[in-house]
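Just need the whole structure built from these sequences, with the hints factored in.
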Amino acid sequence: MRSKVAGLILAGAIALCGEETKLDPRTSIQINFPPDSPVLQLSTNVDESRATPRGGAVVVDLHMSLSLRNAGSRNIRGVTLLVTAQEVTPGGKASVAVPSLDVAPGQSFPVRIDLRLLRPLQAGGGPLVRVSLDGVLFDGFDFYGPNRLNSRRAMTVWEMEAQRDRQHFKSVLAAAGPEGLRREMLDSLARQADRPRIDVRVSRGGRAVSSVGSPEHMARFAFLKLPDSPVEAVDGWAGVAANEARTPTIQVVNRSSKPVDYVEIGWLVKDPQGHEFLAGSVPAAEGDLFLPPGRTGRVLQDTALRFSRNAGEPVSIASMTGFVSQVEFADGKVWVPNRLALQLSGLLRVVAPSPEEQRLAEIYRTKGLNAVVEELRKP
Amino acid sequence: MTTHPSGAVLALFAGGELGSVLRWRVERHVAACSECRREVSEFSELRAAVPVIMEPPEISWTKLAAEMKANIRLGLEAGECVNGGRSVRHGVFSVRALAVCGSLALLLVAFLLERPTPRVEPVEVSEPAFLESSVSGIQVKSGDQSIILLNTRARDARDVNYLASGNAMRARYVDTETGYVTINNVYAQ
Amino acid sequence: MSELLPPPPAAAERQNQFVSDNLRRIFLQIYRIVGNIADAQDLTQEAFIKALQRQDQLKDEQKAAHWLSRIATNTAIDFLRRHGRMAYCEVDIHTESEQHSPEELLLQSEHRDYLEDGLRLLTARERAALVLRDVEGCSAEEVARRLDCSKATVRSHIANARIKLRRYMARRKR
Chain A
1 MRSKVAGLIL AGAIALCGEE TKLDPRTSIQ INFPPDSPVL QLSTNVDESR
51 ATPRGGAVVV DLHMSLSLRN AGSRNIRGVT LLVTAQEVTP GGKASVAVPS
101 LDVAPGQSFP VRIDLRLLRP LQAGGGPLVR VSLDGVLFDG FDFYGPNRLN
151 SRRAMTVWEM EAQRDRQHFK SVLAAAGPEG LRREMLDSLA RQADRPRIDV
201 RVSRGGRAVS SVGSPEHMAR FAFLKLPDSP VEAVDGWAGV AANEARTPTI
251 QVVNRSSKPV DYVEIGWLVK DPQGHEFLAG SVPAAEGDLF LPPGRTGRVL
301 QDTALRFSRN AGEPVSIASM TGFVSQVEFA DGKVWVPNRL ALQLSGLLRV
351 VAPSPEEQRL AEIYRTKGLN AVVEELRKP
Chain B
1001 MTTHPSGAVL ALFAGGELGS VLRWRVERHV AACSECRREV SEFSELRAAV
1051 PVIMEPPEIS WTKLAAEMKA NIRLGLEAGE CVNGGRSVRH GVFSVRALAV
1101 CGSLALLLVA FLLERPTPRV EPVEVSEPAF LESSVSGIQV KSGDQSIILL
1151 NTRARDARDV NYLASGNAMR ARYVDTETGY VTINNVYAQ
Chain C
2001 MSELLPPPPA AAERQNQFVS DNLRRIFLQI YRIVGNIADA QDLTQEAFIK
2051 ALQRQDQLKD EQKAAHWLSR IATNTAIDFL RRHGRMAYCE VDIHTESEQH
2101 SPEELLLQSE HRDYLEDGLR LLTARERAAL VLRDVEGCSA EEVARRLDCS
2151 KATVRSHIAN ARIKLRRYMA RRKR
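Chains as they are written, first to last, in my numbering: chain A, 1 to 379; chain B, 1001 to 1189; chain C, 2001 to 2174.
Errors might be hidden in some of the hints.
Calculated pairs, DSS-like style, for lysine-lysine (alpha carbon to alpha carbon, straight line, at most 27 Å) [unchecked claim]:
(1) K378(A) / K1063(B)
(2) K2050(C) / K1069(B)
(3) K2063(C) / K1069(B)
(4) K1063(B) / K258(A)
Derived from the structure by calculation, the hints contain no laboratory data. As the structure is a computational prediction, the values presented were derived from the model and not from experiment.
Pasting the structure below:
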């Protein structure tokens, strides 16, 4: 009751004032880190944040700069924060992750959260946004945190990709010198610029609404086999109608000698003109997959995806290709494709670069080749 | 009983949910009617099958239980309760804005205190939540509410990489100010 | 902000014991309603947090367990009503060398898939009523208490659920 009153006072204030107002971080944001967290919050700045009335709603622009410190005894490689706004989009949540870190004990580092909330004026009281720690990845792949978002696996994958790609660029530097590295950086930037883009809208279950009148047919996946993949995708299909695909289902077999409890399948679509896009990925539902060696399982997703580009132009689906993009074993170890496999299969030009490659390419673009060489010299 | 019992009656008969008088009558009918007997048998088979279907697949219970216990403890400590314990926030706005709206607020409070508190029903959201990528960021939207994680720190829209994965949408870019890669995710539950 | 004060050690110990004693039961109960481990995990956590907010209700152990079950059922039903269908992941285990009972043979691959699809046709309350009655073995009275409705409504939910499943299976057989 009291929070309802507070919410209505807020609503009335916004309606009457009709102007943009600053947010008070002490009351609008709640930040919860566990008492034994190896990451400490040093400061929070929300000076640029505003709440603006718009019709019967409030638009809250939150620009938060957190300064965090490594209070542990090992280097931090990645951090993931859980961001929730329960009074907005009940059940809706978000996360902000920063991989490819190298933060020594005692050092501080920034994390920025920029979000926009659209909420009705009559929404209840309580903090607008809650931020908590989902996970921290350390050197050696050790992890701390509640892991509600499976950030341990995600950050482990990014760290493995980072090590893979750093090793690749180091090898290029060793074999072909700085000029060879420069060519490689330019290739990376060119791939990033030329990579075909697609906009995707995802809804849970059922049709994604738009393609009324287009008959749906079951379309089969083709699969790219990556040589050392511990899991093989052997069959798959999805309901396809014009620019929508629904409920992808993929059968996988564990070809390794260890049990597997998670598989993610990368999903490419090709339009009738032959342009190929990364549509997304099909992850196994959490906790639902367990494949002993040699066993078969299914990965499926009860979602509908709608594809478009250039601000709404539908992208029809002519064919679909899948590839195993990551595997987690029951012992917690993770597999990702190696660089050569990505290159030979042609995936390198379609999928996004790893976060580490993206970071190194940005260093090249803003600070030049010597800065990249310095960066690669770090362990 | 000369007419056949309805499907609902047979379904309840198969589960033993009928009262004694009706059950006795249906029993007599089913004994003499092969069609109804077959229907009851099908209902019984489904009843036997449902518990098997509803068992979870093999899971590592120890790991799952440990995670749940930790999260329950965290949830209690952080005050992330769903019912009750909602805190009242004061002064979301600047003092000046509140001063201007003060008299209206008092009127609103008086009006509310006079009304009986209605029972709050869960909100039925008519349109399911969806996820979307756009030039400015990624959003999860449900009805007239949304959360958007913005790409404002990216150098250029073309430098943002998006990925739809399960019930999540991801955007990845290099923060021009910090030089770190930022990966935003929004989830639809 | 009003904060929950950390409970004194004895109370914390009682809370932990309460969770340990009921965790698996509640998890299974919720899983059978929502059909998905990830959601069942989240909702189980939510149900315990809700229950443990009301320490006064936990004094009588048996009543507390009943009350927790009710919170769990309602939490799962509310979730289903808000969020509709869920994804399943399945594992096909080929065990030709093992002996199967007639029920297990009946439930091989395709038939099992159809039944799972059929379960998705049920409303949240029909599914919950079916789970409580046919899986948990609750009496109609107990189901009515858990779902906070009349016995007549419970019978209606159960009958509708069984009829929908039977019709769906009959259509798939054609």
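Hints versus structure:
The suggested pairing of K378(A) with K1063(B) is violated, with an alpha-carbon distance near 36 Å, which exceeds 27 Å. About 14 Å separates the Cα atoms of K2050(C) and K1069(B), which keeps this hinted pair within 27 Å; it holds. Only pairs whose Cα atoms come within 27 Å are accepted, and K2063(C) paired with K1069(B) is accepted, the gap being roughly 22 Å. Among the hinted pairs, K1063(B) with K258(A) is consistent with the structure: their alpha-carbon atoms are about 18 Å apart, no more than 27 Å.
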